[in-house]
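With the hints as your guide, set chains D, Z and P onto chain B.
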Amino acid sequence: MGVRLQREDFDIGAEIAALSAGRTDVGAVASFTGICRGGDIVAMTLEHYPGMAEAEIERHVEEAQSRWPLLGVTVIHRHGRLVPGDNIVLVATASQHREAAFAAAEFLMDYLKTRAPFWKKEERAGGDGWVEARQSDDAAAARWSGRRPEAAE
Amino acid sequence: MGVRLQREDFDIGAEIAALSAGRTDVGAVASFTGICRGGDIVAMTLEHYPGMAEAEIERHVEEAQSRWPLLGVTVIHRHGRLVPGDNIVLVATASQHREAAFAAAEFLMDYLKTRAPFWKKEERAGGDGWVEARQSDDAAAARWSGRRPEAAE
Amino acid sequence: MRLLYFAWVRERIGKPDEEVDLPASVRTVGDLVAWLQGRGEEYAYAFENAAVIRAAIDRNHAKPDTAIAGAREIAFFPPMTGG
Amino acid sequence: MRLLYFAWVRERIGKPDEEVDLPASVRTVGDLVAWLQGRGEEYAYAFENAAVIRAAIDRNHAKPDTAIAGAREIAFFPPMTGG
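Chains as they are written, first to last, in this note's numbering: chain B, 380 to 532; chain D, 380 to 532; chain Z, 129 to 211; chain P, 129 to 211.
None of these hints come from the bench; they were simulated from the model. Treat the hints with care, since some could be wrong.
Unchecked claim - Cross-link-like lysine to aspartate or glutamate pairs, in silico, EDC-like; alpha carbons within 20 Å at most: (1) 499/D with 139/Z; (2) 500/D with 139/Z; (3) 499/D with 404/B.
To be verified - If you want a taste of the chain P side facing chain B, the calculated C-beta under 10 Å gives, among others: (4) 134; (5) 135; (6) 188; (7) 201; (8) 209; (9) 210.
Predicted model only: the values in this text are computed from it and were never measured. Just so you know, even glycine gets a beta-carbon here, dropped at the ideal spot from N, CA and C.
With the rest of the complex left out, here is chain B (with noise of 0.2 Å):
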């Protein structure tokens, strides 16, 4: 439950089972794992702004709160160097039922890619570069706006 961020890796299973122990209320835990990729890529590096990513990420996590009947929510973001197979980013969520768990993890998924105050330097063989936004992560980050026009940043 709950938001972290941190350097270190994350127990996918435990963080899904968290959400379900002790409780028979919950009939539905959807999850998103983002991995890093390689390909032409050795490594790259997470920055954050601590202190406003957490705080963000909370306001992100209330705001899911409000347009889904959730029982719970986890979201784990790695910052610091990572390898091409590390686990980047878990998003966690439990409901009564699928649609809500679906639909609120990919919202956070979408605000996280988007919009979260992190930065992505790559380094490749041909040198190191920070990546730029895509447009594709805007346009689906971009998908919930508007819903509910109260709730727009």
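Chains D, Z and P alone, transformed into the frame defined by chain B:
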């Protein structure tokens, strides 16, 4: 990987990890776990059509693979008697990006909840009874029809 | 031909499966339902609201007008209620 | 006032943060960017394309015309690229 019908519980963390183990092209793993809810239910028994259930789920996994660029899919569905808090079903999907992983997991869950050959009998304090099909589930499954008419049932 | 029954269809008929020899006049799933309805009280009860019952021929969903020629296994069951 | 820089804004300026005393004429985020651009080559380089740079006042996103009065911490950074 693959489709399994079983009485035993499953290890969600191990199943998710298996989808990206030993490879670095997976950037996204979505998962959904369906859990037996309590309330006035003492237990439930899931009956399935052996042979047909596996074949039908396999066919829908292939359909998902043709719709989205997936790098792996795992579906585990339990049968037999389950009590509140027990895991019922796991769908986990791997892809390069989150959009495909989420969409495929939702597609498969909508199928499993509505048209897979499973029947649910609930044990309540007042007696036992077979669950009737939910209209909202049918509506969720119908979302996927017509997007690719040639692939409709 | 092997018939399979699931969920409350199985409970009402009182068995999970059986082998039957069908008269030549039974050509479709709908014909088979009508034939089964005449086999006794338990069948009449199972198929009293035949419109809600689903069928599969050799593990593929079938409709009332689907021909059953060549089928090895025909199953009858209520609407699926998933996991 | 404390200024924070992230990602390539930090790299171009050459430091992650600093304390500054601002003249009274610097009233908005846009004024602050213009003032920083005049502080030296490294700042001019960091803010050469000021339109792409985002700002936050006390950890809330801010626009160029947002007033900075009362701010304790102002951050500048490129568009976020997520996790």
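Here is what the structure says about each hint:
A threshold of 20 Å between alpha carbons decides the hint, and for residue 499/D with residue 139/Z the separation of about 13 Å falls inside it, so the pair holds. Of the pairs offered as hints, the one joining residue 500/D and residue 139/Z holds, with about 12 Å between alpha carbons and a cut-off of 20 Å not exceeded. This hinted pair checks out: residue 499/D and residue 404/B have alpha carbons roughly 18 Å apart, not beyond 20 Å. For the restraint placing residue 134/P at the interface with chain B, the shortest Cβ-Cβ distance is roughly 6 Å, inside the 10 Å limit, so the hint holds.
This hint holds: residue 135/P has a C-beta 4 Å from the nearest C-beta of chain B, less than the 10 Å allowed. With 10 Å as the threshold, the beta carbon of residue 188/P comes within range of chain B, its nearest partner Cβ sitting at about 8 Å, so the hint holds. At its closest, the beta carbon of residue 201/P sits 9 Å from a beta carbon of chain B; the interface hint therefore holds under the 10 Å criterion. Interface restraint check: residue 209/P against chain B, minimum CB-CB distance 4 Å, threshold 10 Å, status holds.
Taking 10 Å as the C-beta contact cut-off toward chain B, the hint placing residue 210/P at the interface holds, the least distance being around 4 Å.
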